[in-house]
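FYI, the numbering for the sequence shown is 3 to 166, going by the working numbering.
Warning: the hint list may mix true and false statements.
[Unchecked claim] When the alpha-carbon atoms are kept at most 16 Å apart in a straight line, the in silico EDC-like pairs for lysine to aspartate or glutamate are as follows: (1) K84 <-> D114; (2) K110 <-> E75; (3) K112 <-> E75; (4) K44 <-> E75; (5) K164 <-> D143; (6) K44 <-> D34; (7) K142 <-> D114; (8) K103 <-> D83; (9) K84 <-> D58; (10) K7 <-> D34; (11) K73 <-> D58; (12) K53 <-> D64; (13) K164 <-> D153; (14) K44 <-> E24; (15) K84 <-> D124; (16) K73 <-> E31; (17) K73 <-> E6; (18) K112 <-> D124; (19) K53 <-> E11; (20) K44 <-> D83; (21) K95 <-> D34; (22) K112 <-> E11; (23) K73 <-> D114; (24) K95 <-> D114; (25) K73 <-> D143.
Calculated directly from the structure, the hints in this document are not laboratory data.
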Amino acid sequence: QGDEKVRIERPGGGLSPIWSLEWNPSREEQFDILTVADWGQKLSFYQLSGKQIGKDRALGYDPCTVSWFTKGEYVVVGGADKQCNLHTKEGVKLGLIGEQKSWVWSAKVKPDSNYVVVGCQDGTIAYYQLIFSTVHGLYKDRYAFRDNMTDVIIQHLITDQKGL
Numbered sequence: 003q004g005d006e007k008v009r010i011e012r013p014g015g016g017l018s019p020i021w022s023l024e025w026n027p028s029r030e031e032q033f034d035i036l037t038v039a040d041w042g043q044k045l046s047f048y049q050l051s052g053k054q055i056g057k058d059r060a061l062g063y064d065p066c067t068v069s070w071f072t073k074g075e076y077v078v079v080g081g082a083d084k085q086c087n088l089h090t091k092e093g094v095k096l097g098l099i100g101e102q103k104s105w106v107w108s109a110k111v112k113p114d115s116n117y118v119v120v121g122c123q124d125g126t127i128a129y130y131q132l133i134f135s136t137v138h139g140l141y142k143d144r145y146a147f148r149d150n151m152t153d154v155i156i157q158h159l160i161t162d163q164k165g166l
């Protein structure tokens, strides 16, 4: 029998059963991040200590699965809305990966790739390749590029100074 180290008591308790848990695999984060998907229709993030990171993200459906991309930059969420969606590491929805004919019970990201496989209630399996296009621009001595899908970094080419 293991020794319980931390217990997280969440608001809503039995009204928000936990349906999926997944650790962010990034080694660049300051601390370990646990992703929690519950049937209170929320996506939440916690430190190993039990402290919540950021705020609950309302999903609007019952989630059944969460899966992280290898470097921890994006998280995939699927569930009762019959969709598989891509979210930022903070839980902000970026867009639809694919829509199914029944609930998405399972979704996994292929390690070190941009492929996502989705398993559904009706027994179907769908395999998707995501294409992340490079978005950048150049103006005089400034270069702008996208970081983590939603942040824009502007780099001064002469001094190499970078800023949001």
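Evaluated hints:
Of the supplied pair hints, the one linking K84 and D114 is violated, its CA atoms being roughly 26 Å apart against a limit of 16 Å. Distance check on the hinted pair: K110 and E75 sit about 15 Å apart at the alpha-carbon level, within 16 Å; holds. Restraint check for K112 and E75: the C-alpha separation of about 14 Å stays at or below 16 Å, so the hint holds. A hinted pair counts as satisfied when its Cα atoms are at most 16 Å apart, and K44 with E75 does not qualify at roughly 19 Å.
The straight-line distance between the Cα atoms of K164 and D143 is roughly 12 Å, inside the 16 Å bound, and the hint therefore holds. Simply put, K44 and D34 have alpha-carbon atoms about 20 Å apart, too far for the 16 Å limit, and the pair is violated. Under the criterion of a C-alpha separation no larger than 16 Å, the hint pairing K142 with D114 is inconsistent with the structure, at around 36 Å. A C-alpha spacing of about 10 Å is found between K103 and D83, which places the hinted pair at or below 16 Å, so the restraint holds.
A threshold of 16 Å between alpha carbons decides the hint, and for K84 with D58 the separation of about 21 Å lies outside it, so the pair is violated. Our distance criterion of 16 Å between C-alpha atoms is met by K7 and D34, whose separation comes to about 15 Å. The hinted pair formed by K73 and D58 fails the criterion: a straight-line CA distance of about 22 Å is larger than 16 Å. Between K53 and D64 the alpha-carbon distance is near 23 Å, which puts this suggested pair outside the 16 Å criterion.
Only pairs whose Cα atoms come within 16 Å are accepted, and K164 paired with D153 is accepted, the gap being roughly 12 Å. Of the pairs offered as hints, the one joining K44 and E24 holds, with about 14 Å between alpha carbons and a cut-off of 16 Å not exceeded. Between K84 and D124, the direct Cα distance comes to roughly 11 Å. Compliance with the 16 Å bound is thereby established for this hinted pair. At most 16 Å may separate the alpha-carbon atoms for a hinted pair to count; K73 and E31 meet this at roughly 10 Å.
Proximity of K73 to E6 is assessed by CA-CA distance (about 28 Å); at most 16 Å being required, the pair is judged violated. For the hint pairing K112 with D124, the CA-to-CA distance comes to about 22 Å; that exceeds 16 Å, so the pair is violated. Between K53 and E11 the CA atoms are separated by roughly 10 Å; this keeps the pair inside 16 Å, and the hint holds. This hinted pair checks out: K44 and D83 have alpha carbons roughly 13 Å apart, not beyond 16 Å.
For the hint pairing K95 with D34, the CA-to-CA distance comes to about 21 Å; that exceeds 16 Å, so the pair is violated. Distance hint between K112 and E11 is unfulfilled; the C-alpha atoms sit about 32 Å from each other, more than 16 Å. Distance check on the hinted pair: K73 and D114 sit about 8 Å apart at the alpha-carbon level, within 16 Å; holds. Using a Cα cut-off of 16 Å, the hinted pair K95 and D114 is violated, with the two alpha carbons roughly 22 Å apart.
Proposed proximity of K73 and D143 is contradicted: the alpha carbons are some 31 Å apart, above 16 Å.
The structure is inconsistent with the numbered hints 1, 4, 6, 7, 9, 11, 12, 17, 18, 21, 22, 24 and 25, although it conforms to all the rest.
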